[in-house]
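As a plain string of letters, each chain reads:
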Amino acid sequence: EAGVAQSPRYKIIEKRQSVAFWCNPISGHATLYWYQQILGQGPKLLIQFQNNGVVDDSQLPKDRFSAERLKGVDSTLKIQPAKLEDSAVYLCASSLDQRDSYNEQFFGPGTRLTVL
Amino acid sequence: KNQVEQSPQSLIILEGKNCTLQCNYTVSPFSNLRWYKQDTGRGPVSLTIMTFSENTKSNGRYTATLDADTKQSSLHITASQLSDSASYICVVRGYGQNFVFGPGTRLSVLP
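Chains as they are written, first to last, in my numbering: chain C, 1 to 116; chain R, 1001 to 1111.
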């Protein structure tokens, strides 16, 4: 079974530039998550999709971050414009169905973003 | 407020030694607790899941315990190997709630 795919793996940009990350979840997984992980901290949920609908985006800085999952499969996360404090690893995860509390989340390798 | 705390923040041990990592949580109502291992440059991978009725669960050299009364969990690593060097993250889920992540414990195993 293929895992969660993410690209790019690394990205370096200057502040005020734009950047986009892509995630392809495990086939058949209805729930997709985007997390931000700052060095030395645990992941922080940015947004959660159930199929192509948003379940939770309460911690997404909506003035600069946006995400979509148009066909309920792949997802993109965009930052525009980037700030220095956005430097982090952006993790994508998927699970069969978030309504089942026992479903395991499977994580992708992450995209390491450095904002200069 | 639902929170997960972990200790120690970091730990250095010699290869072959045992160690125990701690997790305290305030998530309620409790559904389950997972321990994840995150190697440098990779996403977290689940080691074990603990539910309310489970006290102990093993996965190879990893043994997790849960005390639902005191809201504490531990992860014990036996006969450590260099490949155990990683961050270990405790994640708790309440019923009908999202996952709450701890900050992780950074383990370094030295030869």
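Simulated from the structure, these hints should not be mistaken for laboratory data. Misleading hints may appear alongside valid ones.
Claimed, not checked - Here are the simulated DMTMM-like cross-link-like pairs (lysine to aspartate or glutamate), alpha carbons at most 25 Å apart as the crow flies:
| no. | chain 1 | residue 1 | chain 2 | residue 2 |
| --- | --- | --- | --- | --- |
| 1 | C | Lys44 | R | Asp1084 |
| 2 | R | Lys1001 | C | Asp100 |
| 3 | R | Lys1001 | C | Glu68 |
| 4 | C | Lys78 | C | Glu68 |
| 5 | R | Lys1001 | C | Asp56 |
| 6 | R | Lys1057 | R | Asp1069 |
| 7 | C | Lys44 | C | Asp56 |
| 8 | C | Lys83 | C | Glu104 |
| 9 | C | Lys11 | C | Asp57 |
| 10 | C | Lys11 | C | Glu85 |
| 11 | R | Lys1001 | C | Glu104 |
| 12 | R | Lys1071 | C | Glu85 |
| 13 | C | Lys71 | C | Glu85 |
| 14 | C | Lys44 | R | Asp1039 |
| 15 | C | Lys44 | R | Glu1005 |
| 16 | R | Lys1071 | C | Glu104 |
| 17 | C | Lys44 | C | Asp97 |
| 18 | R | Lys1057 | C | Asp56 |
| 19 | C | Lys11 | R | Asp1069 |
| 20 | R | Lys1057 | C | Glu104 |
Only a predicted model underlies this, so the values are computations on that prediction, with no experimental measurement involved.
Could you tell me which of the numbered hints above are not met by this structure, giving the numbers in increasing order? 3, 8, 12, 13, 18, 19
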